[in-house]
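Dock chain B against chain A, hints included.
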Amino acid sequence: MEPILAMLVGALFTVAIYLFLSKHVIRILMGAAILGNAVNLLIFTAGRVTREVPPIIPGDADALTGAAANPLPQALILTAIVISFSFFAFLLVLGYRAFQELETDSSDDMRVAEPVGDKTPPAGY
Amino acid sequence: MAGKSEALQDLSVAYVMQPVAAADWLIIAPVIWCILVGALLLMLRKRTDLQPLIAIPALALLVLMTLGLLVHVFQSGTLSMTMGRWLPPFGISFTVDLLGAFFAATSALVALGAGIYGRSDVDDTGRRYGFYPFLMLIMAGILGAFLTGDIFNLYVWFEVLLISSFGLLVLGSERKQLDGAVKYAFLNLIATTLFLVATGYLYGLFGTLNMADIAIRASELRGTAPLMTLVTLFLLAFAMKAAAFPVNFWLPASYHTPRLVVSALFAGLLTKVGIYALLRILGMLFPFEREELSFLIAIAAALTMILGVMGALAQNDIRRSLGFLVISGIGVMMAGLALGSPAGLSGAILYAAHSMVVMTALYFAAGVAARLGGSFELTSAGGLYAKNAAIAAMTLMLFLSVAGLPPFSGFWPKIMLVKASLDIGAWWLAGSILVTGLLTTITVGRIWALAYWRPAVHEDQGAAALGPLPAGATIALAGLVAITVAAGVWPEPVMALAQDAARGLLDPSAYVLSVFPVEASQ
Chain A
0 MEPILAMLVG
10 ALFTVAIYLF
20 LSKHVIRILM
30 GAAILGNAVN
40 LLIFTAGRVT
50 REVPPIIPGD
60 ADALTGAAAN
70 PLPQALILTA
80 IVISFSFFAF
90 LLVLGYRAFQ
100 ELETDSSDDM
110 RVAEPVGDKT
120 PPAGY
Chain B
0 MAGKSEALQD
10 LSVAYVMQPV
20 AAADWLIIAP
30 VIWCILVGAL
40 LLMLRKRTDL
50 QPLIAIPALA
60 LLVLMTLGLL
70 VHVFQSGTLS
80 MTMGRWLPPF
90 GISFTVDLLG
100 AFFAATSALV
110 ALGAGIYGRS
120 DVDDTGRRYG
130 FYPFLMLIMA
140 GILGAFLTGD
150 IFNLYVWFEV
160 LLISSFGLLV
170 LGSERKQLDG
180 AVKYAFLNLI
190 ATTLFLVATG
200 YLYGLFGTLN
210 MADIAIRASE
220 LRGTAPLMTL
230 VTLFLLAFAM
240 KAAAFPVNFW
250 LPASYHTPRL
260 VVSALFAGLL
270 TKVGIYALLR
280 ILGMLFPFER
290 EELSFLIAIA
300 AALTMILGVM
310 GALAQNDIRR
320 SLGFLVISGI
330 GVMMAGLALG
340 SPAGLSGAIL
350 YAAHSMVVMT
360 ALYFAAGVAA
370 RLGGSFELTS
380 AGGLYAKNAA
390 IAAMTLMLFL
400 SVAGLPPFSG
410 FWPKIMLVKA
420 SLDIGAWWLA
430 GSILVTGLLT
440 TITVGRIWAL
450 AYWRPAVHED
460 QGAAALGPLP
470 AGATIALAGL
480 VAITVAAGVW
490 PEPVMALAQD
500 AARGLLDPSA
510 YVLSVFPVEA
520 SQ
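Taken in sequence, the protein lines are chains A and B. Sequential numbering of the first sequence, starting at 0, is according to numbering that gives the first Met the number 0. Sequential numbering of the second sequence, starting at 0, is according to numbering that gives the first Met the number 0.
Isolated chain A (complex conformation):
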């Protein structure tokens, strides 16, 4: 199971990086969404995939008796999902507001903060 998931993670990273290389903010946003999912799947796979054995300690023991699913990656992913979701929401609004104010979706044309042909500092006193 792990090799298949690993390949899927790789494919998702490829797609995300391809989208990041675009200069259109909307594509970069999609890349960010896919990247978040790729990382979550990566953490899930890194925690080892085990089927159908919940990590519950029987009543007469005080430790797990055999192999069981690892609950920690799920906690990590849950945290990461919440964070990447809130970031994505913020970035969507930011991208939209930038489009409204700057009237462009292309990062090549976003030169308000660093204008082309900005004044050079005075060469003499």
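Keep in mind that the hints are not guaranteed to be accurate.
[Stated by the list, open to error] Think about it this way: if two alpha-carbon atoms lie no more than 25 Å apart in a straight line, the pair counts; the simulated DMTMM-like pairs of lysine to aspartate or glutamate are:
id, chain 1, residue 1, chain 2, residue 2
1, B, Lys175, B, Asp316
2, B, Lys175, B, Glu376
3, B, Lys386, B, Glu376
4, B, Lys175, A, Asp108
5, B, Lys182, B, Asp316
6, A, Lys118, B, Asp122
7, B, Lys175, B, Asp122
8, B, Lys182, A, Asp107
9, B, Lys182, A, Glu102
10, A, Lys22, A, Glu1
11, A, Lys22, B, Glu173
12, A, Lys22, A, Asp107
13, B, Lys182, A, Asp61
14, B, Lys182, A, Asp108
15, B, Lys175, A, Asp117
16, B, Lys182, A, Glu100
17, B, Lys175, A, Asp107
18, A, Lys118, B, Asp316
19, B, Lys175, A, Glu102
20, B, Lys175, A, Glu113
21, B, Lys182, A, Asp59
22, B, Lys182, A, Asp117
23, A, Lys118, B, Glu173
24, B, Lys175, A, Glu100
25, B, Lys175, A, Asp61
26, B, Lys386, B, Asp316
[What the hints assert, rightly or not] Which chain B residues stay away from chain A? Per the calculated CB distances, all over 12 Å, these:
id, residue
27, Leu52
28, Leu177
29, Met227
30, Leu295
31, Ala477
It should be emphasised that the hints constitute simulated quantities derived from the structure, not laboratory data. Cβ atoms here follow ideal geometry from the backbone N, Cα and C, with glycine treated the same way.
Just chain B now, with coordinates in the frame of chain A:
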């Protein structure tokens, strides 16, 4: 049934049984305090008159807490506290060594300065958008990152400070800010995601996220696990957060766009959290891999400092020039990391603390200059010395300090780093630190000559100024200048502190012992 109840009574297999000593609550108190005050200020968002009155005393108390923590760590060694009483590595540990406490205290001082300066710099609109709540929450993120002893928790604090920094960056939603924020947000998101990728791999290899636990196991796994890949990923992620060349381009695109006090806070603190993480993870947890990568880090460091200062030299806007000087300073700290010797690491630590104070103060000085002269542009600024000689003198001290000239705080860490480079024969690294110092002197000297010494360019200059200089701005600037002068004239205490912190990084046994007292004593 008897067996079951007995098992339930034996809680010591899962729990930390000793109650936490009252003084040890200082470990977590700064973070809790920031979040609580941030929440309170969020509720009082519309009471713009009340916000600074609550936030500034709260930040003053934060300074006292972090200084108390520093003294406590200095006296009783590395402290650790595990959340929910679960035995480490299952509970999330907060572990504070000298490095974390030193950076926490310095950053709290800087935040107090920003709180005071913000009183005059951020108007009612900015306060209604939540300047003070964001300030408290970004401090929660920064202090959490400095104090935590768990890598995933470090990631969470990075995100806390990042989302707060987004809020501060777009305060007011001007065109320039949105433009800068798009670049800042996406590139920083990629950096933290890379950090998360590395954390995922780390968990897959080690099965633990507790830093002390990793420090123990790294030597066992070194032969079999692909630790170089892991550490290189961490290096890339944190170098991007620290704005090292060639992944620094988000910083000059955005740092001059927000309100001045926000730029000052970012310049002082955000990149240093990246440096802290590099020191912690490469310096303490994976010293062998850091040694392997040291040549790469050294080249990146030299390029960062030289290209940073050349960028500063080419700018007309004082704030943009200062943004490039932040990058240049990161190069100097990276040089210390590349050296990795006690002298190199302590130089990097001291330079980071110096840079927190001085970069923030420089932005404050730029804001005061713009208030007096009405402009951030070198072409039109002038006559500030004639207008206010005291401010001009304080600014000159900061300029000399950032250039690394004695007797100010930038001089000593640079001496340590140059000497540490020459000790191992890395003359080119020492040379680039010195050339950077020279170019920085030229950059700031030109700013001083043009904006301060030169007579006013236009006759009506000053009419455009925004009224009289507010007391808060002068107090914040003078306080930070006093720190850099004091640390420059009397450097022994801070140098000793940085050297002890570096020793704690190179020999993490005290760090491990504070998290696992039983295992280590067996």
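Each hint, compared with the structure:
1. Lys175(B) <-> Asp316(B): holds, 14 Å
2. Lys175(B) <-> Glu376(B): holds, 16 Å
3. Lys386(B) <-> Glu376(B): The given pair, whose Cα atoms are some 17 Å apart, holds under the 25 Å limit.
4. Lys175(B) <-> Asp108(A): holds, 13 Å
5. Lys182(B) <-> Asp316(B): Since the Cα atoms of Lys182(B) and Asp316(B) sit roughly 19 Å apart, the hinted pair holds (cutoff 25 Å).
6. Lys118(A) <-> Asp122(B): violated, 29 Å
7. Lys175(B) <-> Asp122(B): Measuring from Cα to Cα gives roughly 18 Å; hence the hint holds.
8. Lys182(B) <-> Asp107(A): With Cα atoms ~11 Å apart, Lys182(B) and Asp107(A) stay inside 25 Å; holds.
9. Lys182(B) <-> Glu102(A): holds, 16 Å
10. Lys22(A) <-> Glu1(A): Status violated; Cα separation ~34 Å.
11. Lys22(A) <-> Glu173(B): holds, 22 Å
12. Lys22(A) <-> Asp107(A): Holds - the C-alpha atoms of Asp107(A) and Lys22(A) are around 7 Å apart, at most 25 Å.
13. Lys182(B) <-> Asp61(A): Roughly 52 Å separates the two Cα atoms, so the pair is violated.
14. Lys182(B) <-> Asp108(A): Since the Cα atoms of Lys182(B) and Asp108(A) sit roughly 12 Å apart, the hinted pair holds (cutoff 25 Å).
15. Lys175(B) <-> Asp117(A): holds, 14 Å
16. Lys182(B) <-> Glu100(A): It holds: about 15 Å lies between the C-alpha atoms, which stays within 25 Å.
17. Lys175(B) <-> Asp107(A): Holds, at about 15 Å.
18. Lys118(A) <-> Asp316(B): holds, 9 Å
19. Lys175(B) <-> Glu102(A): holds, 13 Å
20. Lys175(B) <-> Glu113(A): Cα-Cα ~9 Å, so holds.
21. Lys182(B) <-> Asp59(A): With Cα atoms ~57 Å apart, Lys182(B) and Asp59(A) exceed 25 Å; violated.
22. Lys182(B) <-> Asp117(A): Answer holds: Lys182(B) to Asp117(A) is near 19 Å, not above 25 Å.
23. Lys118(A) <-> Glu173(B): holds, 21 Å
24. Lys175(B) <-> Glu100(A): holds, 9 Å
25. Lys175(B) <-> Asp61(A): violated, 60 Å
26. Lys386(B) <-> Asp316(B): holds, 20 Å
27. Leu52: holds, 30 Å
28. Leu177: violated, 4 Å
29. Met227: Given that every Cβ of chain A is farther than 12 Å from that of Met227(B), nearest at about 17 Å, it holds.
30. Leu295: holds, 22 Å
31. Ala477: Correct as stated: the minimum Cβ-Cβ distance to chain A is 28 Å, above 12 Å.
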